[in-house]
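Enquirer: Quick one: dock chain against chain with the hints and give me the complex.
In order, the protein sequences belong to chains A and B.
With the working numbering as the guide, the letters of the first sequence map in order to residues 1 to 214.
With the working numbering as the guide, the letters of the second sequence map in order to residues 1 to 175.
The hints are simulated quantities; they were obtained by calculation from the structure and are not laboratory data.
Treat the hints with care, since some could be wrong.
Quick partial rundown of chain B residues pointing at chain A, CB under 7 angstroms, derived from the structure [unchecked claim]:
#	residue
1	F4
2	D6
3	R12
4	K14
5	E17
6	Q18
7	T24
8	L28
9	A78
10	M80
11	L81
The beta carbon of each residue, even a glycine, is placed where N, CA and C say it ideally should be.
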Amino acid sequence: MEDSSLSADATPIASLNQPAPNSSSAEDRVLVDKAQAGDTRAFDELVRKYTPKLYGLIYNMTSNREDTADLLQDVFAKAYRSIKRFMGKSSFYTWIYSIAVNMTLNFLKKRGRHHKVSLDDVDTGIENDPDFIRVTTSNTGTLREVGIHELQKRLNAAMMKLSEDHRTVVTLYDVQGLQHAEISKVLGVSEGTVRSRLFYAHRLLQTYLEDFVK
Amino acid sequence: MSEFEDIQRLIRLKRYEQPEEGFTEKFLEQFHQRQRAEMLQKSSLALFMERAGTWWENLLMPKWGMAMAAVAVCAASAWMLSHPAGNAAVPAVTAAPAPAAASEKPFVPKMDLSDLPPERLAEKSKPQQQPLQQDKLMKVPGSPSSLPASNDQGAPTTGKATPAVQSGEQGKLGQ
Chain A
1 MEDSSLSADA TPIASLNQPA PNSSSAEDRV LVDKAQAGDT RAFDELVRKY
51 TPKLYGLIYN MTSNREDTAD LLQDVFAKAY RSIKRFMGKS SFYTWIYSIA
101 VNMTLNFLKK RGRHHKVSLD DVDTGIENDP DFIRVTTSNT GTLREVGIHE
151 LQKRLNAAMM KLSEDHRTVV TLYDVQGLQH AEISKVLGVS EGTVRSRLFY
201 AHRLLQTYLE DFVK
Chain B
1 MSEFEDIQRL IRLKRYEQPE EGFTEKFLEQ FHQRQRAEML QKSSLALFME
51 RAGTWWENLL MPKWGMAMAA VAVCAASAWM LSHPAGNAAV PAVTAAPAPA
101 AASEKPFVPK MDLSDLPPER LAEKSKPQQQ PLQQDKLMKV PGSPSSLPAS
151 NDQGAPTTGK ATPAVQSGEQ GKLGQ
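Bound-form chain B, shown alone (with noise of 0.2 angstroms):
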């Protein structure tokens, strides 16, 4: 060690050489301001940020807000696309037939009247006993066997048919 102790102690007198008198306090100051400084430097920056921000978002909004109505028009365009039309509009079929069907005109089946007897040809030509035939045949209206054959539509026959059919079996058709 006593190699360099000359040096060293040359070296060690280095410490002598220091800054004027209250660089500390004067230091100090100057560390304030500068922390002062950057503290607004960094709010206005902080502002300028958010400006910028906002201004970006303006300028996006409305596009963004086009193209996501676009995005909605097409996936409802497509979601109707991929679903069947004969699916949606089973229950519109369901609930609308009730009123329509009462203003339609009853449906009479005509009647081949070659294969009957005449005897009961004769008794048909009789038009006293009409009424009476299709009030037998219309008050079971639930029966199959009562109702025609050819009525194959499932359309309701009986709306303006009897006062029976109208008041009492309109909600069964109904359904």
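So that you can see chain A by itself, here it is in the shape it has in the complex (with noise of 0.2 angstroms):
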């Protein structure tokens, strides 16, 4: 699948999740060098402008908003401490969704497979998602007859059926929509890795919910 399916989504919900372009990369070097410069207002800015991606990134790992807000407020902490040994060798979002995975896949090891899912509402702008009206529009069987939310259920406990690492992917990749090699740096492995991580992932959740796909 192409990227660019998911830049045609108009909604602005989609937009947020877009990985930063080139042009972003050169306003983070700014914004960064004036955080290193002792610029709070600077780092406000990296943490508006990162905020609701970062969110979508625990969130869908976590399944659990107080953890996500909770994390989230780790992962900004540990950045603005660290801002200064932040050299430029890779693009600042990549460096922040490194911090952000890093801290979520420990968090989750300490937490266990014990936990309280709480899940955010779903943007009622879901009807008008072409994905959404494909996807209803082709299946004959189960997502037609469910709501929003029985979906939004299935959806989640598919993921939280992956292990951490596959989560991982298919949030970058499909969620966030970041590219393989995007993955591959804020993983710090391959690209085959990530591959292959993704179609295993792919395969799994074709199982889980394979009543809604057929």
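Expert: Next comes the structure, spelled out in structure tokens:
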């Protein structure tokens, strides 16, 4: 699947989850330089810019909005403490994504399997989403019959059945819209590993959600 | 890729799970509060560390002071024991003698008159000639031949002997 299909989505929610383009990286660099010089407002701008993206990443890995908010605080606090050590060898969004992924994976290891699911509300814009329309119109079975909230529960349940590594690549690729190379940099693994994990995760998800995709 | 196209479309719908409106600004405000709290906490911790350090220094300083004093005393004692007293006493002895010698009585050698011939013995017995002979002996103070042979202690012998010795030669003796 090409990521251009994601950019065709005109909804503002979807646009929040697009990967940072190169021009955005240049803007980030300016803000990072200012933050490194002690400009707290510049860091606030970075927080404003990356809060929606990182929230989506952490939320889809934890399926708990309270944990997500707490973790996001920890991520930005760590980034603030470490901003002067950021050398600019990678883009800022790769760096902040790496912090967020690592901290979330550590949190999930500590949390274990037993946790309380706390889901966000589904934006009503989903009904106008081309993917939603396509899926609902092309399917003759369960998806037409269940409501949006039931669909949300099933999707989250399927995601939580994946291992943490597989859930991470699915979140970064399918939900966040990052490219394989970008995921490779964020996770510190090869692109081949990313593709392999992604293939295996998709296959598992297809099994878990087979009644929706028939 | 089409193999998983439908499942990917389904998963992509999770983007619509969003936090409540205004979350970002609320989150930023909480972030600022947390930063301030961390700063206060850090200041308290730093203050505690400073106080603990001061207390520790005050606790240890007298002991260390006494220990250092004991070490200094031991070192000084060891140094004094390792250096013999003779080496250290030499300058004191050389510097001190002049005033002490001035208070001593002049050494007058006893002469054995038995070896002298009788005529010389008769001359010696004349009382008016004795001061002259003493003056002759004492007028050449630097000459070894003029000093008595028995004066082997190096002590000055002319402290009150004559005014010439007292006035002119005392400096040499002192050296």
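Enquirer: If a hint holds in the structure, say so; if it does not, say that too.
Expert: Structure-based check of each hint:
no. : hint : verdict
1   : F4   : 4 angstroms, holds
2   : D6   : 4 angstroms, holds
3   : R12  : 5 angstroms, holds
4   : K14  : 5 angstroms, holds
5   : E17  : 4 angstroms, holds
6   : Q18  : 5 angstroms, holds
7   : T24  : 5 angstroms, holds
8   : L28  : 6 angstroms, holds
9   : A78  : 53 angstroms, violated
10  : M80  : 58 angstroms, violated
11  : L81  : 59 angstroms, violated
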